[in-house]
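Once you've looked at the hints, dock chain U against the given chain W.
Chains W and U are the protein sequences, given in the same order.
For the first sequence, our numbering gives the first residue as 281, with consecutive numbering after it.
For the second sequence, our numbering gives the first residue as 6, with consecutive numbering after it.
Worth flagging that the hints you see were computed from the coordinates, not collected in a lab.
Just so it is clear, the structure is predicted and the values come from calculations on it, not from any experiment.
Cβ atoms here follow ideal geometry from the backbone N, Cα and C, with glycine treated the same way.
Honestly, I wouldn't trust all of these hints.
Unchecked claim - Derived lysine-lysine pairs resembling DSS-like cross-links, with alpha carbons at most 27 Å apart:
1) U/365 / W/419
2) W/431 / U/277
3) W/419 / W/305
Claimed, not checked - Across the chosen pairs, the derived CB separations fall in these ranges:
4) W/428 / U/47: 51 to 61 Å
5) U/11 / W/293: 57 to 67 Å
6) U/354 / W/399: 43 to 53 Å
7) U/134 / W/427: 41 to 51 Å
8) U/354 / W/503: 18 to 28 Å
9) U/408 / W/387: 53 to 63 Å
10) U/134 / W/405: 51 to 61 Å
11) U/378 / W/337: 24 to 34 Å
Stated by the list, open to error - Computed footprint of chain W on chain U, listed as stretches where at least three residues anywhere in the stretch have a Cβ under 8 Å from a Cβ of chain W:
12) 379-388
13) 391-401
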Amino acid sequence: MLSIKNLHASVEGEEILKGINLEIKAGEVHAIMGPNGSGKSTLSQVLAGNETFEVTEGEITLNGENLLDLETEERAREGIFLAFQYPVEIPGVSNLQFLRTAVNAMRTHRGEPEMNAAEFMKLAREVSKQVDLDPAFLKRGVNEGFSGGEKKRNEILQALLLQPKLAILDETDSGLDIDALQVVSKGVNALRAEDRAILMVTHYQRLLNYIVPDYVHVLAGGRIVKSGGRELALELEERGYGWLGVKDEEATPSAAS
Amino acid sequence: MKPAPTLSSAFLEPGGHSLPAPLLELRKQRGTALVDMPLPTRKTENWKYSSRHLKLTDGLAASLPATGKDGLSLSLPGYRVVFRNGVMVPEASDFPDLDGILIQRFGDLDDNDAAALAERLDNTLDTRAVQMARLNSARFEDGLYIRLDKEAVLDQPLFIVHEVTGTASGSAYPRIYVDAARHSQITLVEEYLSSGDEPVMVNSVTEFMLADGANVTSVRLVMEGENVQHIGATGVRQAANSRFESHCVGFGGPLRRHDLMVRLEGEGGECKLNGVVVTQGKQHYDNHTSIEHVAAHCDSEETYRNIAAGESHAVFNGRIHIHEDAQKSNANMNNKNLLLSTGAEIDTKPELEIYADDVKCAHGATIGQLDKISLFYLVSRGIGRREANTLLTMAFINELVEQIPVQAVKDAAQLRLNEFFDQTFQEA
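Bound-form chain W, shown alone (with noise of 0.2 Å):
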């Protein structure tokens, strides 16, 4: 689904990528972790098309499709959906009418007709419940003084609303207390498809416990410089970056959870 080939990204002249290499079938659960300052958050914006970066070098094609030629609008109509590591705080547009207009632009995209204000504000309703927010969010501003997991919540029920084939998770898990974790886990496991992939970007092991990835690969200094299943997380847990070669000195995945 995603094939991803010696991606190199830069921001303000600075390299920041330096040859990516991944291949994400339909159906997979790929987890990238690596330390602070590696690259995860770069790579999770490039693939958005967020034009703060600059892809130097290198492919990224979903489905055969090249994405890079695309605006981000379109690789969201495309199916690509980034969940941010900060959701932005938009006061003076209601959350409804946000996910409304975000939904009718990926129906209007498949040729489908849009959805009314009481047909979506049903399917809004059903999907807050989901994620166990309550539905008076949808009413105000969007993000505007939510909580840390209010967000992550949010973010989770826009990717419930808009069904991506490819969802990425930029640090999903962060700032979020256990019950809120569990949540969300909940909300994104939901979204587990024969026919989408999920890529999760993060710092933690934590998360993996309760979304169990296919493929764990380990990101740092811009590159990819290991790949496992499952059990590389646990080892990552257990022993930290350092026997990868790579430092961590802000934190080490154990010491987190």
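Frame of chain W; chain U shown alone:
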């Protein structure tokens, strides 16, 4: 040194529409005083950004002809009074005769009412500060006098439509005077429209006199065309415990100027002034507001938002003057500005003069662009650029549009805003 430009004598000839004697007399006096009136220049502080857009050619001096209702398409709900080229069109107007409420065009006033009005005209405005309003007083040909007796309540908004027809070049001088006695209530909508494309100047003056406990809501929608210069003034005087609320929504033109002057003269008075201005192309819009806290224990709250696209220019000058005896004044002023292009310009100046020592005063002004991260967030959900930009721009003014208490005005403003968004934002 070049002599300062003065008002051309061609502007001192009012049109021939009939008015009661006391008003004719007043107009004549005001005209005499205008001979050699200096016009604002770049060095006139309150016109420094706008004087070069003021083009008072002799071609604009002629009064626009009074016309009938031909070509007017009005679908406004409720009570309405229609003026064309500054003169009322009775066939297009529709309002009831209510106990305790006089709604009458100047031309139809009896001698007593005309004399009473002549005494009042100009008494809410400091015409030294709002010098262009003096031209209106020398030129008005008709107008609307609204007088509410004590405790009278107008049960629906009154729409006053001022249309100018640009089939020939000239000027129009809309005039409204509202006398609101104790505890009376009214919501009044002024809507400024135009047709045709010959150059036209509109010089409008609206005055509100609020007695104790009166409650007046004023809505002002300025939507004339690219051929129209509009210089408007609104004067407000508030007695004790009165409440005045103003909602101005304006779209740009070659020149749009509005002076809004409020005097809080009795204790417990309250005013709330909201404003939304949208400009594009080479348009120019200048809002000058002044709130005078003359009496103690009054509250004022002012919120203005400018959105400038293209190479347009918006100006906001907000003055708050707290007089020495106005203790316990509470004044809040906020002006936020959004630049949608690198060629647009916005100038904002809060002016606070505080002579009392026990007051609460806050002001804030910001100028910014649409937030790139917010935009990325929206498009990353599949929302198109045009729609995402529109959502973010609407978010900037939503709060003010939502507060407009008349649905028909909200709808009209939203339609015009949608045109603006279509013209301003493109898909990637």
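Query raised in the report: Residue count check for the region 379-388 of chain U against chain W: does it reach three with CB-CB under 8 Å?
Result: holds (count 9)
Exercise. Evaluate the given range 43 to 53 Å for the C-beta pair formed by residue 354 of chain U and residue 399 of chain W.
Key: Cβ of residue 354 of chain U to Cβ of residue 399 of chain W: about 49 Å, so the range 43 to 53 Å holds.
Review point. Within 51 to 61 Å or not, the Cβ separation of residue 428 of chain W and residue 47 of chain U?
Key: 53 Å, holds
27 Å limit on alpha-carbon distance, applied to hinted pair residue 419 of chain W and residue 305 of chain W: 37 Å, violated
Practice task
Could you see if the CB distance from residue 11 of chain U to residue 293 of chain W stays within 57 to 67 Å?
Solution key: 60 Å, holds
Q: Indicate whether the distance between the beta carbons of residue 354 of chain U and residue 503 of chain W respects the range 18 to 28 Å.
A: At roughly 54 Å between Cβ atoms, residue 503 of chain W and residue 354 of chain U fall outside 18 to 28 Å, so the hint is violated.
Against the 27 Å threshold, does the CA-CA distance of residue 431 of chain W and residue 277 of chain U hold or violate the hint? 35 Å, violated
- Task: Could you check the hint for me, namely that residue 378 of chain U and residue 337 of chain W are 24 to 34 Å apart, CB to CB?
- Result: Between residue 378 of chain U and residue 337 of chain W, where Cβ atoms are some 26 Å apart, the hint holds.
**Hint check for residue 427 of chain W and residue 134 of chain U - Cβ pair distance inside 41 to 51 Å** = 50 Å, holds
8 Å C-beta test of the region 391-401 of chain U against chain W, three or more residues = Coverage by chain W holds here, the residue count being 7 at a Cβ distance below 8 Å.
(Q) Check whether the Cα positions of residue 365 of chain U and residue 419 of chain W lie no farther apart than 27 Å. (A) Violated: residue 365 of chain U and residue 419 of chain W sit about 33 Å apart, past 27 Å.
- [ ] Determine whether the Cβ-Cβ distance between residue 134 of chain U and residue 405 of chain W falls within the hinted range of 51 to 61 Å.
- [x] Holds: the Cβ-Cβ distance is about 55 Å, inside 51 to 61 Å.
In this structure, the earlier hints numbered 1, 2, 3, 8, 9 are contradicted, and the remaining ones agree with it.
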